[in-house]
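Student: Listed below, chain by chain, are the residues.
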Amino acid sequence: MLLRKVTQSPAICTSVLRLRPAVLDKNVVGSDTTMTAEKVDKAANVESKSFAVNMFKGQISTSQVFPFPSVLNEEQSQFLKELVGPCSKFFEEVNDPMKNDALEKVEELTMEGLKEMGAFGLQVPADLGGVGLTNTQYARLVEIVGMHDLGVGITLGAHQSIGFKGILLFGNPQQKEKYLPKLATGEHVAAFCLTEPASGSDAASIKTSAVRSPCGQYYTMNGSKIWISNGGIAEIFTVFAKTPMKDEKTGEMKDKITAFIVERSFGGVTHGPPEKKMGIKASNTAEVYFENVRVPAECVLGEVGGGFKVAMNILNNGRFGMAAALSGTMKGVIAKAVDHAANRTQFGNKIHNYGAIQEKMARMAMLQYVTESMAYMVSGNMDSGATEFQIEAAISKIFASEAAWLVTDECIQVMGGMGFMKDAGVERVLRDLRIFRIFEGTNDILRLFVALNGFQNAGNQLKSLQKALKNPFGNAGVLATEITKRAKRKAGLGTGLTLQGTVHPELNHSGELTVKAIEQFGAVIEELLLKHGKRIIDEQFVLKRVADCAIDLYAMVVVLSRASRSLSQGHPSAQHEKMLCETWCTEAHERVMQDIKFLRSGTSKQIFKNLRAISAAVVENGGVVSPHPLGF
Amino acid sequence: MLPLRFRRVTMSARVLVGVKRVIDYAVKIRVKPDRTGVVTDGVKHSMNPFCEIAVEEAVKLKEKKLVKEVVAVSCGPQQVQETIRTALAMGADRGIHVEVSGKDYETLGPLQVSKIFAALAKKEQADLIILGKQAIDDDCNQTGQMTAALLDWPQGTFASEVTLEADKLKVVREIDGGLETIKIKLPAVVTADLRLNTPRYATLPNIMKAKKKKIVNVKPADLGVDVSSRLEVLKVDEPPQRQSGVKVETVHDLVEKLKEAGRI
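These protein sequences, in sequence, are chains A and B. Numbering-wise (the UniProt record's numbering), the first sequence opens with residue 1 and increments by one. Numbering-wise (the UniProt record's numbering), the second sequence opens with residue 1 and increments by one.
Bound conformation, chain A alone (with noise of 0.2 Å):
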């Protein structure tokens, strides 16, 4: 009978027949990922819990994402209160951003404070001599270094969040006990050393070798690596290396990427003249050399030939940490903006009056609201024990980068020319957040990894689909019930799939808005991946557009969520989260329903086949390639 369901409604049969695995390969640019075929089959059969696998499956997981995570116990809450004081007061009495920015290096006292008040250390855990605090609670002291001083905030995160994160994820007893004291109280700092002049972006092609004795003691380090944070004042280095090793089956010796803890005391460490940079003046920023360096066997971090699996989680595991600084920036220009809007009369009135200031403040909040949300949603999922973040983790890095940068933008607007000058601090802000959008991961090779991620998990689902249509029988349940949703989604019906009952009631609207387009967006990833196949990997025009997609989609979840909880515990300002929310959500459902029908459309095809060739012929021609309309 289910054979003859399937015969009889051809362009489900087709489709579902049609079926490839779309299996993708572990050299997947920019993926954090090493999945073996084994590893691929295991997902697949896992459930996942994060919201964004299951998105690109046109599915809602509401386990990770409602209700709004809320996870610092009384004792926890408290003790952050305490620290909040404290920590705001010496960003507002005794750094000095500006005086920062303009000795281009970080001023000795505030260094020196900074390392009392504990800054340097604070996620070591406490009998290690740091603070030992949560994800959650490090993303609200970091919030406040976001609003006063970038330049700080990455000279302290390259240390922590990324210089000996690598230590405390994947370092043994020994190596913690050895390095993390001195790392927490400042005394050492430390720096994160994976880029290349020759790769950035292609980390995995990094060429530092570093082979071993014969002896298998120590390591033999040679190479450079440019623009890392903190390269002139650390002393200990997590360094990324090539290590010949021997292929368990083939035999044959391959390179593999190590990661290592290098000490400047070692010998042969040098390093170059600080950059001279657009932003995060203060923040040290130099090249690095290896020379013949001798690193003990004992320094290797994680397996050896692990090394690109601890970096990828280095970077993961940091990211939440900028989307809650750059919240954090984003609320200290708002109330720039708002005080310049609120006092300046032009034209006989306010300027806040005026629909063309009240639309910048109004989208202004909005991001930050978002960031704000999307921060702590990742914290939180990450305080609670999530192991499945990575798509949001990146969703946020790429969110709260560019939300940053266009508010900050807007700040100066709408200050006027008072922004463009020094003295009002906002200039500086938007230098400084410029490098957000390139390092730790570009936007566009992130775009590319949220969107291939949630393709190869939404291809592991088709895969045991096709799987379940090799034994239609035995398999009758689940095959009626993915014909049924794929019918139904291609007439335009809902597909059973609803938020009522998980969001507050307020906000039903916004759900079903939320739930509708991520209905269309799990159709839309099946029909690109049944055209597509592997070779999705290499459609970048496609990539990008459903990355678009996803985020908006993640930023829908993460706002219903926030406001859903303000409404239920009756929050003064639940009413203005309310609006947030809605507006957020109506906008974000239209670009979302936008890009969907524009990557269904026969127009794309063409667009991007012109921006294919426009940009050919702009690189054959070495620049421009219309001649001059004066004709010289």
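Derived by calculation from the structure, the hints in this document are not laboratory data. Cβ coordinates follow ideal geometry from the N, Cα and C atoms, glycine included.
In silico DSSO-like pairs for lysine-lysine, Cα to Cα no more than 30 Å straight-line:
hint, chain 1, residue 1, chain 2, residue 2
1, A, Lys350, B, Lys44
2, B, Lys60, B, Lys183
3, A, Lys578, A, Lys331
4, A, Lys115, B, Lys60
Some but not every residue of chain B turned toward chain A, in silico, with C-beta under 10 Å:
hint, residue
5, Lys44
6, Ser46
7, Thr86
8, Ala89
9, Tyr201
10, Ala202
11, Pro205
12, Ile207
Following the hints, complete the assembly by docking chain B onto the known chain A.
Tutor: Just chain B now, kept in the frame of chain A:
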């Protein structure tokens, strides 16, 4: 051979420091619509700045090994424990929370607080009490003086410098005419003025350590103190809005205007 008293002072001197929880100095104060007071709900509070200076001075004395123990005291509802914790994070050894809440807290003033401090000083056998010269919310500038009087102890108020010399305290006081230096015998009460010192920032590791320090709860009744007030606040108003001035052409006009206004 050092006199017994000197040895007692340097080896076992105990300092009581009063810390008051007040609305943070940076907050814009708003009067409640019913004009019975100012808005405190949801408003940022912190330790009175002069109390911070008092705590800093006490902790410095301890670091110089001139006193043995610093006890931070605050009177008020549950929230004042945050203020005591800040003092502990700055270096005080333990805290005493004198529970006063509700109506009693609204009417709590220098007279009742000084009675509480006097009682505590006797109970804890304190040798020195350091308070801020005044609180930035009521600006009373009375608690230190009243406490000294109740205990019949000497007082060094508006201190900008404090030096312990044997069993005496040399205090440099900031007064209208300049600086006055006095020597007072211990036990004594000192109130801190702005230039006494620069309070340290509570570091995160110290805040963590402070979690382990003890805060003991005490009720005014336990100390035999009646906190009922003899004062009643009739109303609270904002200061009058600044009126715009008037420009005059000549000095003669100015004198006329001043006469008109009854100023001369």
